[in-house]
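Chains as they are written, first to last, in my numbering: chain A, -19 to 119; chain B, -19 to 119; chain C, -19 to 119; chain D, -19 to 119.
Any given hint could turn out to be false.
It does not matter which identical chain is used: a pair holds within one copy or between any two.
Only pairs whose alpha carbons sit at most 20 angstroms apart, straight line, appear in this in silico EDC-like list of lysine to aspartate or glutamate [stated by the list, open to error]:
(1) 73 <-> 87
(2) 28 <-> 53
(3) 68 <-> 105
(4) 28 <-> 99
Source of the hints: derived by calculation from the structure; they are not laboratory data. The model shown is predicted, which means the values in this text are computed figures rather than measured ones.
Number of protein chains: 4
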Amino acid sequence: MPRFSYILRVQFVDTDMAGIVHFANFYRWMEEAEYAFFSSMGFKLVQKQPDGVIIGWPRVRASCSFESPAFYDDLLEVDLDVLRVGVKSLTMKFLFRRGETRIAVGELKTACCVHTPGEKLYSIEIPPHYREKLEANPA
Amino acid sequence: MPRFSYILRVQFVDTDMAGIVHFANFYRWMEEAEYAFFSSMGFKLVQKQPDGVIIGWPRVRASCSFESPAFYDDLLEVDLDVLRVGVKSLTMKFLFRRGETRIAVGELKTACCVHTPGEKLYSIEIPPHYREKLEANPA
Amino acid sequence: MPRFSYILRVQFVDTDMAGIVHFANFYRWMEEAEYAFFSSMGFKLVQKQPDGVIIGWPRVRASCSFESPAFYDDLLEVDLDVLRVGVKSLTMKFLFRRGETRIAVGELKTACCVHTPGEKLYSIEIPPHYREKLEANPA
Amino acid sequence: MPRFSYILRVQFVDTDMAGIVHFANFYRWMEEAEYAFFSSMGFKLVQKQPDGVIIGWPRVRASCSFESPAFYDDLLEVDLDVLRVGVKSLTMKFLFRRGETRIAVGELKTACCVHTPGEKLYSIEIPPHYREKLEANPA
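Bound-form chain A, shown alone (with noise of 0.2 angstroms):
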């Protein structure tokens, strides 16, 4: 059982001249996932913090294989998984299907930083709030 699902509609937008979903926008909806998902835990993406710290989770890395087209008006369900919470980083994996059909699999690193407006991003360790519910077992 995937530990979080998204589900989303393919917009004509996504689709290009193929007439399938361009591949640039599953980066995009992992990101959508993975705001989904730390919604359901109660956090942002960016996120002030009681001591006023804003913290943030830029991308370290992130890929994709594509493993069967998806076309304009599909609903695809994305299973999130976190494959590992380390000291200042989230690794999270992500299938996309339609149905029983794989359609791409991809996994984001993110680094958890403080990202204060118009100064430099700086990693830290993910304070315990945080790591205490991404390390929770799925319900």
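Fit chains B, C and D to the known structure of chain A by using the hints.
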């Protein structure tokens, strides 16, 4: 003669399953041409002034009429004209052409604003050093 | 009462360095709302008819006025109204709201067209089964 | 020395509220560089052959590692190298630099396919006239 000209190449990602450029790209391209026009005057779309204030140009209104489809690999010319330099706003017109074929005509109205990271935008009168160049006659 | 309502969540990717939603997204969102509206009537934006002809709705003109910025994580409601069902064209209006705060107002004019893959689009009169539903009074 | 070099300007729309380039753009830019590389050899990403068959290059896998943020107005250089010309697939590597600063490193694997509008894609052996140029030593 247009005030400023910009050339762009239609990319594969800009097309949709109808085999033509998706209309939302034209709004992005108006901004690209606007940016190149600003650069030609020595300005950025978001720019820190000598006194530390950051000036930006958020959009008030943008429209575009589509006359003929554009295709992957097209080289499009964008003729930019300044329609009006108001007290606090700037209105530009954009004609998209593929050679002599008219593709689209757009209009973009922007407001001169102060925007400090993390704070609310507010509009200001267009500063003299911007106005001087915006009102200059084209070469 | 609007003819149709659509709800969307602002994603991180929709923002720009000014910290607000980039204006080009609103044109994409008009299409998303239009698509959902078409779905509610049993239509797709691109649809093969019983006689094999493929009908699509390329854009003639799209405009949007921006009244207030939208932000990451906003839940936006889009009120769609049919402004005019012409002989060959359809014009819709879109009000984007965050609760009671007006964010933007857009208008989209589309043309009913035949588009066979790999061939030139041409406009046709809106077929009766489309017209009947487009002209129906909202529930 | 890279096999091919491509230069691009970061646009305002490419940034997000963290003030840096959104990661999904790098996948789009790999394709832009790939397209320019193909053009330099006299090919398009989707191209009708003399025998009427249309050859395209859908993506099998794309990954990117992000080493340093890129910003609005950056001029990025993309060094493209051909990593492998397989029987039916092509793998390219992309180094994104701002001067000497490494920004990101990506990899893209594509498959040589026949794609007729409205029909299913299927992979074929890379035709000799493509292979010859893809395997040539860089100038």
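Going through the hints against the structure:
1. 73 <-> 87: Answer is both; intra-copy 4 angstroms and inter-copy 19 angstroms each pass.
2. 28 <-> 53: between (36 angstroms within a copy, 13 angstroms between copies)
3. 68 <-> 105: The answer is within: 4 angstroms in one copy meets 20 angstroms, while 44 angstroms across copies does not.
4. 28 <-> 99: both (15 angstroms within a copy, 14 angstroms between copies)
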